[in-house]
Amino acid sequence: MIGAAAQEPVERRVHVGQGDHFVSSDPDVVLTTVLGSCVALCLRDPAAGVGGMNHFLLPEGSGSGTDVGRRYGAYLMEVLINDVLKAGGRRERLEAKLFGGGRMFDSLSDVGAANADFAEKFLADEGIPVVSRSLRGAGGRRIHYWPVSGRARQRVVTDGAILPPAIPSSPVATGDLELF
Amino acid sequence: MPAAFAIRTLVVDDQLTMRSLVRASLQQIGMRDIEEAPDGEAALRSLLAQPVHLVISDFNMPNLDGLSLLRAIRAHPPLSKTAFIMLTGRADRELVQRAVQFGVNNYLVKPFTTAQLKEKLEAVFGPLT
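If you're matching them up, the sequences are chains A and B in order.
Counting from 9, one number per residue, gives the positions in the first sequence under my numbering.
Counting from 115, one number per residue, gives the positions in the second sequence under my numbering.
Treat the hints as calculated values from the structure; they're not laboratory data.
Glycine included, each C-beta is placed from N, C-alpha and C at the ideal position.
Among the hints, erroneous ones may be present.
To be verified - Here are some, though not all, of the chain A residues that point toward chain B, as calculated from beta-carbon distances under 10 Å:
#1 Pro17
#2 Arg20
#3 Phe30
#4 Glu86
#5 Val87
#6 Lys94
#7 Pro137
#8 Trp154
Said to hold, decoys possible - Where chain A lies over chain B, by a calculated footprint (3+ residues, C-beta under 8 Å):
#9 125-138
#10 143-153
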């Protein structure tokens with residue numbers, strides 16, 4: 009062998025926790041998350057080379073069918089979309105990948121499916137194509153997503169590493185400004 | 115005391131889901147005459163063709179954003195008296211203050227309830243019947 013091997017680019021991992029979102033145009037960034045009944049929307053503009061991920065859970069008992077759930081969910085989707093657009097993305101070029109919405113506990117309501125239903129309906133209504141998805145079913149998922157290339161990797165989690173999600177307590181706005 | 119059904123409204127947001135949520139809330143409040151536009155430019159075209167009493171508009175939109183739409187409305191005498199309520203995200207304090215400078219009538223932080231929207235409408239128009 010002559011000389012040193014070409015240096016591997018340094019991968020920068022960013023964990024996206026529940027209620028968070030992250031947008032990047034850095035090809036070395038990989039977004040990671042672990043999903044139970046939560047859903048992660050991975051969104052990117054392939055032409056602009058920018059993308060991001062969110063990680064959300066609709067409030068309990070307020071699945072896709074209810075008013076509060078739709079309002080909260082639509083807000084969480086919008087903050088990710090807006091940040092991708094601010095970073096140079098174009099709405100008409102956006103493409104989505106969806107993960108999560110697993111059935112984690114034996115309960116009467118399937119929270120995961122409600123989250124998956126909401127995300128699919130939202131993207132269909134907004135005309136954003138879903139290029140791949142892994143939704144519902146039993147168990148958790150560990151996701152890696154490269155927001156610039158759009159590559160995604162999923163591993164099924166069976167080791168009990170998934171904690172029960174924190175249910176959002178106040179889905180509506182707080183922190184009004186005193187201007188009126 | 116204005117009647118809710120008599121207030122003609124234009125809802126401006128680039129997300130169809132958000133427009134339909136705002137429309138559903140307005141209908142619950144009793145409003146009937148509701149138009150929609152997907153961005154500021156389309157909103158302005160619609161307003162010039164058919165003025166309304168109230169514009170409820172998002173900020174982050176392609177083509178013409180909410181702040182530019184507000185400025186255009188205030189600068190155009192036939193439209194300048196149109197009531198304007200803006201929709202904003204939680205972190206947009208600076209934006210709210212700029213909108214106040216440009217003559218916004220009120221604002222609403224997403225995500226909001228129908229009751230919160232009604233409260234803002236009544237702050238602008240007085241109690242609605």
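Right, here's what the structure says about each hint:
no. : hint    : in the structure
1   : Pro17   : violated, 32 Å
2   : Arg20   : violated, 24 Å
3   : Phe30   : violated, 15 Å
4   : Glu86   : holds, 6 Å
5   : Val87   : holds, 6 Å
6   : Lys94   : holds, 7 Å
7   : Pro137  : violated, 15 Å
8   : Trp154  : violated, 25 Å
9   : 125-138 : holds (count 8)
10  : 143-153 : violated (count 0)
This entry does not satisfy hints 1, 2, 3, 7, 8 and 10, going by the numbered hints stated previously.
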